[in-house]
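Visitor: The residues making up each chain are set out below.
There are 2 protein chains.
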Amino acid sequence: MTAQGDHITSRSDRVIISVDAMGGDAGPAAVVAGISTSATKNPEIGFILHGPSDELTRLVARRKNLRGRVEIRHAEDVVTMEDKPSHVMRHGKGSSMWSALDAVRAGEAEAAVSCGNTGALMALSMMRLRKLPGVNRPAIAVLWPSRNPQGFNVMLDVGADIRADADDLLRFALMGASYARNGLDLPRPRIGLLNVGTEEHKGRPELKEAHALITAAAEQSKFDFVGFVEGGDIPGDICDVIVTDGFTGNVAIKTGEGTASLIGDLLRAAFRYTILSRLASVMAVTSLRRLKKRIDPRRVNGGVFLGLNGTVVKSHGSADATGVSAAVKLAFQLAQQGFTEKLKARVASGAALTQGDATSASAEANEN
Amino acid sequence: MTAQGDHITSRSDRVIISVDAMGGDAGPAAVVAGISTSATKNPEIGFILHGPSDELTRLVARRKNLRGRVEIRHAEDVVTMEDKPSHVMRHGKGSSMWSALDAVRAGEAEAAVSCGNTGALMALSMMRLRKLPGVNRPAIAVLWPSRNPQGFNVMLDVGADIRADADDLLRFALMGASYARNGLDLPRPRIGLLNVGTEEHKGRPELKEAHALITAAAEQSKFDFVGFVEGGDIPGDICDVIVTDGFTGNVAIKTGEGTASLIGDLLRAAFRYTILSRLASVMAVTSLRRLKKRIDPRRVNGGVFLGLNGTVVKSHGSADATGVSAAVKLAFQLAQQGFTEKLKARVASGAALTQGDATSASAEANEN
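Just so you know, the protein sequences line up as chains R and Y, in that order.
Quick note, the first sequence lines up with residues 1 to 368 if you use our numbering.
Quick note, the second sequence lines up with residues 1001 to 1368 if you use our numbering.
Bound conformation, chain R alone (with noise of 0.2 Å):
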C-alpha cells in the first residue's frame, strides 16, 4: 500500500473517495464507468481505487476525464457475494474491500464506496474502522421514495443487525437525524419509531423504552420525534426518518422494492394489452420516465453506514455506472459537510444525555 503525498492526494481542493472496483454483479467495468459520470459532473473529486492493477490500468485509461484523478491500489484478491463475513475477517486482507477501507483509516480518503457484499463490508468496516465512541451497534441508512417535499425519507437500521435494544434506537434517531441534515438538508428532521400502531401502550417493550428516550433526546438534539409511526408511514410524510431494527427494516425495503417492481411489470403488461394502450404508452413516455426517475432506487443508490469512524456508502450489488455515480456522489456529498466529525459529536452528545449528563453535550454538537 502507497503511503500519503502523492500527486493526487496532496491536492487540497480534491476529496478523495476510496472505491472497491470489484465485488458489485456488473463487474470493475460498471464502477469505472460509474466513476467516470461522477468525476465529469464533480471536478472536486479524486479517486483511488482497489482492485487488480492491470485489469483497472486498462479500464481507467479509457476514459480521458480520469486521466491524473485515479490513483489505482492493487488488490489481488475478490470478496464474493456468497462469502461469510466471519470467513472475510479472517482471510481478506489481500481483498479490494479491505484495501478500500484502509485508504479511509489511514485519513487518504475521505469516505469509501463497495459494490459488495452487505455483511462483508459491515463487518470490515467495524474491523477496520471500528465503531464511534458511544454506538453499541452501527446502521445501515437508506433513502426511500416518500411523499415529503424532499422526496426522500432516511430508514435504519435495514440490515446492519437484526437485533436493536433500546438505547441502540435512541443512538439510530441521534444518527438519523445527523444524516438526514447532511444527506437531505433538513435542519430540524422529524423522527419517527417504527411500530404496528401508533398507540403509545402498542408493540414491544424495547420500543416503549426507546419511545421515552428519544422523547427525553429530542430537543437537546434538535430533532422533532413524532412518536410511533407504521409502515405506511416509510413512503409517508409525517416524518423524515424511519427508526427501527435491522431485521424489520430489512424486510420492510424489500418488500417496499418487490411491490414496486412487481406494479411496474403490470403496468409495462397493461400497457402492452391493445393497440390502443401502446399508442398510449408511446404518447405517456416522458410521463412514465418521469416518474420512473422518481422511483428510481439507482439515483437513492448507497446505503450509508452510520456509527463508524468513517463514511462507508454501500452501493447496490448489481449497481450499474448511474448506480455507482449515485453512490460516489452521495459519498463525495457526506465528506465535504465532514460528516463522520458532526456525526461523532452528535452521539457523544446525545449518549451523555442518556447518562443525565445534557450539559456536557458540546455545543458544537447542536449545529450538526
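Incorrect hints may have been included.
Claimed, not checked - Taking lysine-lysine and the DSS-like style, the derived pairs with C-alpha atoms no more than 27 Å apart in a straight line are:
1. K93/R to K1093/Y
2. K1208/Y to K84/R
3. K202/R to K1041/Y
4. K131/R to K1202/Y
5. K202/R to K1131/Y
6. K84/R to K1202/Y
7. K1342/Y to K202/R
Since the hints were derived computationally from the structure, they do not count as laboratory data.
All of these numbers come straight from a predicted model, not from anything done at the bench.
Once you've looked at the hints, dock chain Y against the given chain R.
Guide: Okay, now just chain Y, sitting in the frame of chain R:
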C-alpha cells in the same frame, strides 16, 4: 339473542354468514350495500346482521334482493376503533361485534365478518370462540398480490400478536398451508419462512429452530418448504405462503400498501403533467383499470383469523361495499369447504408431529 331454528338458518341449502354491521369507517350503509352485492352474486348465502335493529331494518328494507335472506340481531353498542381490546373484553357484551361472534359460537352461522377494530375483534374471537387445540397463538392471514399464477400469496401473521416462537411459526405454516388449499385451491402449497437472507445461518434463533420444525413437518403435512425467503418474495413467485411473526408481517404489508399507494398517486400525477400524457391516459384507461383491479386491495379484502373454533374474516376498517362483499365471499368460500374442521384436523396432525407422534395424525387430516 334469539335461538336457532328460525326461518333462515333452517334452510339447509343456505350458508349463513354472521355480519357485524357496525364499527367500520363507512358505517352500516356500506355493510348492507356489500351484503346486497354478495346476495345477488351468491344465492346460497344467508345473513345474520348485528347492530341497532331500527337502523338496520331501514337499510335492509331498501334492498329488495335481501328480502327473506337477512335476520337482524339487535345490538345496542358499537366497538370503536379507539377502544382497547382489554376494555372490549370486559364491557363489550352488548356490542354488535360480540353478537356477531356469538352466532358462530352457537353454531347458527358458519363464519363471521366484521370491519371493526382488529385488536378488539381478535381478543373477542379468542374469548368467545376459543383457540383450536394445539394452537398457542392464532394468526391473521392476508392475501397479497404476487407474481404467482394464482395472483396472490398468503401471508401470516400480519398482526394478531407481536411475538411468535418457533412452535408458533410451525403452526402458522400448517394453518397457512391449509388456508392456501381451501382459499386459493392450491393442492400442494409452497411455504417460505421470512428472514433477512436465504442462507440457513442467517436470522434470529427462533427462525433457525422453526426452519428445522417446518422442514420436518413438510412431508407429512403435504406442503413444500422452500426455506427462508426475503421481503422481496412476498409479492414474488417462489412460494405461496409466507410465514412470519405478527410484528414483521404487519410492518411488511403496511410498507407494501404504502408503496403501492405512493406509486399510484405518482402515476396519476405523471399522467396529468402534459396535454399529451392526459390524452394518453384517456386512451389507456382500460389498461390502467385492469392494473388497478389486479392490485386493488378491496378485491382481496379480508384478513382471516386462523387457529380458532370458527372462521372470522376481518374486513378492512375503511371497506366500502366492494370490500365488504369481497370479505363475505371469502367467508362463504371457507364456510362451504368446512374450513374450520379441516384446519382443526391439520393442526392436530402437525402438533402430533412435533411431539414425535407422527402416526397419530389421522389420514383424514392429510386431505385438508
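Visitor: Against this structure, judge whether each hint is valid.
Guide: We went through each hint and held it up to the structure:
Distance hint between K93/R and K1093/Y is unfulfilled; the C-alpha atoms sit about 68 Å from each other, more than 27 Å. Distance hint between K1208/Y and K84/R is fulfilled; the C-alpha atoms sit about 17 Å from each other, no more than 27 Å. Of the supplied pair hints, the one linking K202/R and K1041/Y is violated, its CA atoms being roughly 40 Å apart against a limit of 27 Å. Among the hinted pairs, K131/R with K1202/Y is consistent with the structure: their alpha-carbon atoms are about 23 Å apart, no more than 27 Å.
For the proposed pair K202/R and K1131/Y, the alpha carbon gap of about 23 Å is at most 27 Å, so the pair holds. Distance restraint check for K84/R and K1202/Y: the Cα-Cα separation of roughly 11 Å lies within the 27 Å cut-off, and the hinted pair is therefore satisfied. A hinted pair counts as satisfied when its Cα atoms are at most 27 Å apart, and K1342/Y with K202/R does not qualify at roughly 33 Å.
Checked against the numbered hints given earlier, this structure breaks hints 1, 3 and 7; the rest are met.
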